[in-house]
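**Q** Read left to right, the sequence shown gives residues 1 to 145 (UniProt numbering).
Since the hints were derived computationally from the structure, they do not count as laboratory data.
Keep in mind that this is a model prediction, so the values were computed, not measured.
Cβ coordinates follow ideal geometry from the N, Cα and C atoms, glycine included.
Please note: incorrect hints may appear among the correct ones.
What the hints assert, rightly or not - Restraint-style ranges between C-beta atoms, simulated for each label pair:
1) Gly-126 / Ser-96: 26 to 34 Å
2) Ser-63 / Pro-110: 18 to 26 Å
3) Pro-68 / Ala-38: 16 to 24 Å
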Amino acid sequence: VSVLYWERRAASMTLPVVFVALVFLSSVSVGAWQFRLAGGSSVYGRLEARRSASMPWGTVCASAFYSPVAQAACRSLGLSANNAEYHRAPPALRGSASQPIAISVIERCPGDNARLQDCDLRDTGGCSHADDIILCCASSASKEF
Numbered sequence: 001v002s003v004l005y006w007e008r009r010a011a012s013m014t015l016p017v018v019f020v021a022l023v024f025l026s027s028v029s030v031g032a033w034q035f036r037l038a039g040g041s042s043v044y045g046r047l048e049a050r051r052s053a054s055m056p057w058g059t060v061c062a063s064a065f066y067s068p069v070a071q072a073a074c075r076s077l078g079l080s081a082n083n084a085e086y087h088r089a090p091p092a093l094r095g096s097a098s099q100p101i102a103i104s105v106i107e108r109c110p111g112d113n114a115r116l117q118d119c120d121l122r123d124t125g126g127c128s129h130a131d132d133i134i135l136c137c138a139s140s141a142s143k144e145f
């Protein structure tokens, strides 16, 4: 981006002065990821993700998961994170062979109230549907595992 303005140097002369500002835009759209639970209920199912509404839904890999990430996933879905649990999906709940794996790495989730959108999410290609996640965001009295 360039900005041009005139600066008075002397009583009878004006010279153009140019300032150049560099603008860096991030290629990551914050909050663009969408998440849902599939193949279960409103609080239990295979965790699926997509980068935008124009992308197909893909699965999330178990190797990327641990308890704080499960809590972040429940928060991303607008559900309680207090008793979040996750497991590898049994064969009946795994994604189909034609379904992409959307996320295989989840890193740098900031703070105790993070959502998945706040984390570094990517697919490195190191997973199969045998690693798909089932997530439960229910209270302990209504767990479906």
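**Q** State for each hint whether it applies.
**A** Quick rundown of the hints versus the structure:
Judged by the Cβ atoms, the range 26 to 34 Å given for Gly-126 and Ser-96 is violated: they are separated by roughly 19 Å. Our hint of 18 to 26 Å for Ser-63 and Pro-110 holds, since their Cβ atoms are close to 21 Å apart. In this structure, Pro-68 and Ala-38 meet the distance hint of 16 to 24 Å, their C-beta atoms being roughly 23 Å apart.
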